[in-house]
Amino acid sequence: MTALHALSLREAAARVRRREVSATELVRDAFARIAAVDGRVGAFLTLDEAGALATAAAVDRRVAAGEDPGPLGGVPIGVKDIICTAGLRTTAGSRILERFVPSYDATVTARLRRAGAVIVGKLNCDEFAMGSSTENSALGTTRNPWDGARVPGGSSGGSGAAVAAHECHAALGTDTGGSVRLPAAFCGVAGLKPTYGRVSRYGVIAYASSLDQVGPIAREVADVAVVLEAIAGHDPADSTASPRPVPSYAAALDGSVRGLRLGLPREYLVEGMQPDVERGVRAAVAELERLGAAVEPVSLPHTEYAIATYYLIATAEASSNLARYDGIRYGLREPRPALTEMYEATRAAGFGAEVKRRIMLGTYALSAGYYDAYYLKAQQVRTLIRRDFQQALARCDALVTPVAPTTAFRLGEKTADPLTMYLSDIFTISVNLAGLPALALPCGFDGAGLPIGLQVIGRPFDEATVLRIGHAYEQATEWHHRSAPP
Amino acid sequence: MSALEPVIGLEVHAELLTRSKIFCACTAEFGGPPNTNVCPVCTGMPGVLPVLNRRVVEFAIRAGLATHCTTAPRSRFARKNYFYPDLPKGYQISMYELPLCTGGHLDVLVDGQAKRVGLTRIHMEEDTGKNIHDAHGDASLVDFNRSGVPLLEIVSEPDMRSVAEAGAYLRTLRSILQYLEICDGNMEEGSFRCDANVSVRPAGTTALGTKVEIKNMNSFRAVEKAIAYEIERQSDALARGERLVQETRLWDAEREETRSMRSKEHAHDYRYFPEPDLLPLVVERAWVDEIRATLPELPAARRERFVRDHQLSPYDADVLTQRKDVADYFEAGVAAGAAPKEMANWVMTELLRVVRDEKLDRALVIRNWPVTAAQLAGLAKLVDAGTINRNTAKGLIPRLRGTDRDPAELVAAEGLAQVSDRGALDAAVEDVIARHPAQVAEFHAGKERVLGFLVGQVMKATGGKANPQVVGELLRKALAG
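Chains A and B, in that order, give the protein sequences.
Every position in the first sequence, counted from 1, becomes a number in our numbering once 26 is added.
Every position in the second sequence, counted from 1, becomes a number in our numbering once 26 is added.
Derived by calculation from the structure, the hints in this document are not laboratory data.
Fair warning: this is a prediction, and the values are worked out from it, not measured in the lab.
Any given hint could be a false lead.
[As the list claims (entries may be wrong)] Pairs of lysine-lysine residues, derived as PhoX-like cross-links and limited to a Cα-Cα distance of at most 25 Å, are as follows: (1) 491(B) <-> 420(B); (2) 420(B) <-> 382(A); (3) 486(B) <-> 503(B); (4) 241(B) <-> 106(B); (5) 403(A) <-> 486(B); (6) 503(B) <-> 407(B).
So that you can see chain B by itself, here it is in the shape it has in the complex:
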C-alpha cells in the first residue's frame, strides 16, 4: 500500500472581546457569579427578540480583512435548531447559507517554509450557556452568563497535511485575532476553541478520505496530540483493511486518545432556516474600507520588518511578533536606545519567562510588565557598555519592578557598577591565590577548569561587582608570575 497523507481542516470558535453580548445589552465579560450577566433576551424568555450588536459585525469584518476574505455586502443570520439545556431558545442564532466573510487565506510558517491555508468562511454566532453537573447532588444546573457572548466561527479549507501545519495555522490565526484585539485567544478558558476534521488518503491522490471530526481539545498541545493520534488510528485501521466511518470523536486528554461520540447516522438535523427576527445584514462598502484603514500591522508583515530593520534572525523575529504587545514592547526598548539584538535577547530570555511564570500572558494586552521597556532597554545598555554584568542586571529586574527608577541611576546610587579597575582587584586576586593553595596547585598541574572556581571566589569577595573577564585575566597573570 502506498504511503498515506493526512488531510486536516480546522474549525475555530473565537469569543469576541466586545463589551456587550451579540443580541442584548448584557456584559460579555468572562466570569461573574452564575446567572448574573443575563436578561430576558439571553435567557430565551417568551416574546423577546434579538438586536444585533454592530461592534460584533465590525470585529468579524476585521477578522475577514486580516485573512484576505471577501466581505459579503448582504449576509443572513440563520437558526440552528436543537434541544439542550444550555441553549435557552432551542436554537442558536448563527449564519448558514450566507455567511459574512468567505474565500480568504492564511500564510503560515512551518520550519521556515511558507504554507498557504485557505479559509472557507467566517461567520458570527452566539455562544451557549454552560451546564454544571455534580455541584448539587444529582441535579444539573445551567449558567447563562456566557449565553449570547459573540463568537466568530472560522472554518479553514482541508489544506493542512501535517500536525505541524495545523499547529502553525492555529497559532498564526490566534496571533492575528490578538493583533486585531478582537479575541484574547485563551484556549484554556475557552475563548479560543478548535475542532479538527481529519482524514487520510494515499499520498498523491486528490479524493478526500472518510472524515472524522474531533472535539474537546482545550490547548494547542491537545489539538496537536489529538490530530497525531487520529492520523495514526486511521492509518492503522486502513492498513488492517478496515473501513472508516464518518463520525464525531472526543479527545480524552487523560488517556490521550479519541473516542467515538456519534456517527453520521446519529448526526443532528439542525433544520437551519433564515432567522426571521433579524433583517438581512447589509454591509456598506464604505464601512469595510473604513475598517480596513484601521487594521494594525499584522504579525507576518511585522516579522519581516523586524528581520529587515532590526537585523534579527527569522526565528527571533517570529518569537517577538507572535504577540502584538510583546512586539510593541520590543520596539519601545529599541526606541529607548537598546541595541536590537541585545533587547531581543533580554525580552526572549528574561522577560517572557517571567511573563509565562506569572501567567501575565493571559491578558490580551499585558499592561503590568515586570519592568517597562525603557527600564529593560536601560539594563541592556548598561550591560552592553560593560557597566554591570549580566547577572547583576538580572538581579535588578525584581528591584526595578513596580518602580519608575532609571536602572543607571539605581546602579550609581547603590554602587553596583562592576569593578574593572585592575588596581582595585589586585588585592582580592592575591588574597584568593593565597587562601586556595590546593586549587592553585591543580591549576599548575594543568586543570584549566579550576580557574573558573578562582574567578568565582574573587567575584564573591567583591560582592559580584567585579568584571569577570578582567578578573580572569588578572588571575592568569598572577598565577603565571
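Here chain A stands alone, though its shape is the one from the complex:
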C-alpha cells in the first residue's frame, strides 16, 4: 500500500472527499514524514502543526457535513517563505525579517485556504529569492533529496526539496528568473512559472516586481494544474494581475500532443552544457515527436543578452523594493543614536552578501547619468527578447528547452563566484523577461542519478497548452514515478 505522503495531490484530495482518509490523518502523516526526513533535507524554516491540524479538523467537519471541502481539501501544502501567511512567521530567508509575522495573507495564501489546502509550514529560499541554490538563505541549509551533498536549486529550493522528499503534496514557489523551474528540475518534480499577471503578487515579498510570479511545484503535472487553477486569476489588490478568466487547466490535460508544433531554440542547446542534460532533453524531444508533435528549429537571437538584461532590471527594482527594510516599522533594527547610522547598521547586519550586491548593482544602474546606459537600455533589450519569443511562438505552439545547463551541483561549488551561479539561470531568465508561462518537469537522470529538467515555454496566458504537453510527456514516460531515496 502506498504511504499517504506518497500519494499525488489529486489522489489525496479525492480520498478525503470520498472519506477514505481524513484530512487529519493526511496532516499527521505529513508531519511524521517531515519529522523523519527534514533533518536531512532542511526544507522548512517554520512549521505550523497546530494550525495545520486545526485546518484539517475544519476540513473533516465540512466533509462530515456533506460539504465540498474544495479542490485542495485537506491536502498538506508548503509555502515558500517569501509569501505572507497571516500569523505565521514570514522571513524571506533573511535576518532582517527573521521575526516578522505578517498580519495579512498573500492573495495566493488566501486562495489556497479557500480551496481547502492545509498549510503545513514555510519553506526555505534564497534571501529575498536572490539565488539559484538556496545557499543564500540566512536561516538554514536545504539539501537536495537525491543527494544531500548537492543543492536543491533556487531560489525556491525548500519548495522543490519538500515536494521531492514527500514532505507535502505540493508547494508554492516564486519565479523571478527561474526560481520555481530550477529547483523543480534539480529535485525531479514539476514546477510552473505562470504568465506574468496570471497569479496575484499581493502579499508576495517583492524582489523584482516586473518579473516575480508565484508558481506551483508538485510531483505530477496534473497536480500543478489543480494548484494553478486554485491560485490564478484577477485580484483587485494587484493591478498587474490579469482580469482574464481562468480556464480549467485540468480539463486541458487530454494526453495528446498530436498536431502541436514545438520549437527547439538553437540557442538553448549549446557547447559546454552537461552532455547528459543535452542527451536527456533531445530524447524527450524525440519522444514528443513520436507522440505526434511536429518539432522544428527556431531562433531566439537575443538570448545571449538575457542575463545582463535581467541583472540590470531585477537589481534596479530590488534596490527600490528592499528600501522598506529600514529598521523603522518592523524587522531587525540595530539601534544607533543617529538615523543614518541606524539605517546603515540595520541593513549591514540584516542583509546577506548577495542581497547587498544586488542592491548596489541596482542602485548604480538607476543613478543619475547611468540610467540611460543601463536601466533604459536593458528595457529596450527586454523588448527585443520579448519580440524573439513572439516571433517563435507565432509559428510554434510552444518551445522545448532544457531548464538548466547542468543537473544539481554541489553545495558550495559556486558560492565563491556569483557569475558562475548566475549562469544556472541562462535558460530560464529570458522567459521572465518575456513574461511567458513555462513548465519544468523531469525528463531523465544523469550518470550520477540526478534528475534532468525539461522546460516547455508557451504563449502568454496559454498555461493550458504548456501543461497539456508536459502531461502528455509524463503519461508516456516513467520519470515522475521515481522518488528520491527515502
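Guided by the hints, dock chain B onto chain A, whose structure is given.
Chain B only, in chain A's frame:
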C-alpha cells in the same frame, strides 16, 4: 550695473479631498489619533501593492482642465527613491517622465492687469507620513495617517516677475482648486503647500540666473515675504560681486530670513524609474470630456459676470468670487431680492468679518453661515427701504443666527422699525434741547459738530429706533426756530 528682475516659479502641493487614500482604502481624512488611518499598504509592509484610486485621477484631470492643460492619454507613475522614516516604502510613488497634465496656464489679475502664468505640469503622488520629535524624550515617532493621502503637484513656468504676481498666482490657483472642490486650500494645515524657485537676472535679458529653491512657508504671507527676502538677498549678493550657488533654502518665519539647507552637490539622486507595480495610466478621451462637462463656472468667468450682470466694481467682484461658496451666497441673496450693491456691501463688510473671526473659512464649503443668504438679503432690503437703520440691522445678525426667522417679521414683532414720524420725534427733540443748554449754545456759536451729539441723544432716547436723518432735520429746524 543694470536693474535686476526677479524670475519666480512656484511648485504647489495640493492635498486632494478624496474620501480614501491614493493607493489603498484607508480614509484620507485629516486628523485622527496617530496611526489609526493606516493599513499594510500605506505603512509599506512586505509584499503589499498599490491600487490606484480612480477618483484621484478624476480630480487631477479636473485641475488640468481648469488650468488649460493637455491631459495625456497615457501617463506613468514612477518611484522617487530616498530614505526617511516618514516614507514607509523607501520610495514615494509619484510621476516623472510622463505626467498626467502638461502645458497649461493661469490668467491672474495683478493691480487690475491681467498676467498669464504658464503651467508646466500637474501630476499625482502620495503624501508621506509625519515625523514627530520631542514628544517622547529623545525618541522620534512617526504618524502614518497622512501616508498615502493623494497630492497634486502643480508646477508653474518661471513666468512671475514680482512678489505680487507670485501672490496673485497662488491665490488664483487656490481659488480654482476650491471651486473644483478638490482641495480645501488650507496653507496653515498643510493641505496647500508651496515651494518657490527664485532667481534674479539683469532686466531685459533672457538667460536664467542661478536658481534657489525655498521651502517651509506655511502661509501666503510667508511665501510673499520669503520671495521678497530672497530677491533682495540675491540682488545684494550680486551687487557685491558674489556668485550665487544653486541650493535649497528654508524660510525661517520667526527670523524672517531664508537659510541654506543643502547645496546642489548634496542634492538627492532620487533614482526615478517607472513604477512596476502599476500599469501605465490610460485615460480615455470620453472620460475627459465627461469631466469637462461637469466643471463649474470658474472664478475668472464669474468675476467678469458679476461686473457685467450685477454692475459690481471689479474689486468687489474679485473679492466676492475668490471663494465659490461666498459667490454662491452673494447670488442667493440677490436672487432673494436684495440689490446687488447692497448685498455685496453686507457680505463684504459684515459677513466675511464674522467668517474670518470665527475661522468658518477653514472649511472648503461654509455650511454654517452666521445667517442665511435670504436673511441677509432681508436685512439689506429693510435698510434699503428705510424701515431700519444700518446699526439696527447689524445688531440683528446675532439674533437671527441659528434661526430661520424672517428679518421683516422679527422687526415687526419687536417694534424695531425706525421712527421717521416727525410728530412722534418732536417731543424727544425738544426734551434733548431743553436738557443740553451748553451744547445748544455751542451749536449757536458755530460748532456744527455738536449736532451729532444731539442726534445721538435723541437716538438714545428713542431706543435707537429713530431715523437719524429725520432727527437731524428736526433738530436743525428746532434750533433755528
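> If you check each hint against the structure, which ones fail?
Replying inline: Of the numbered hints, 2, 5 and 6 do not hold.
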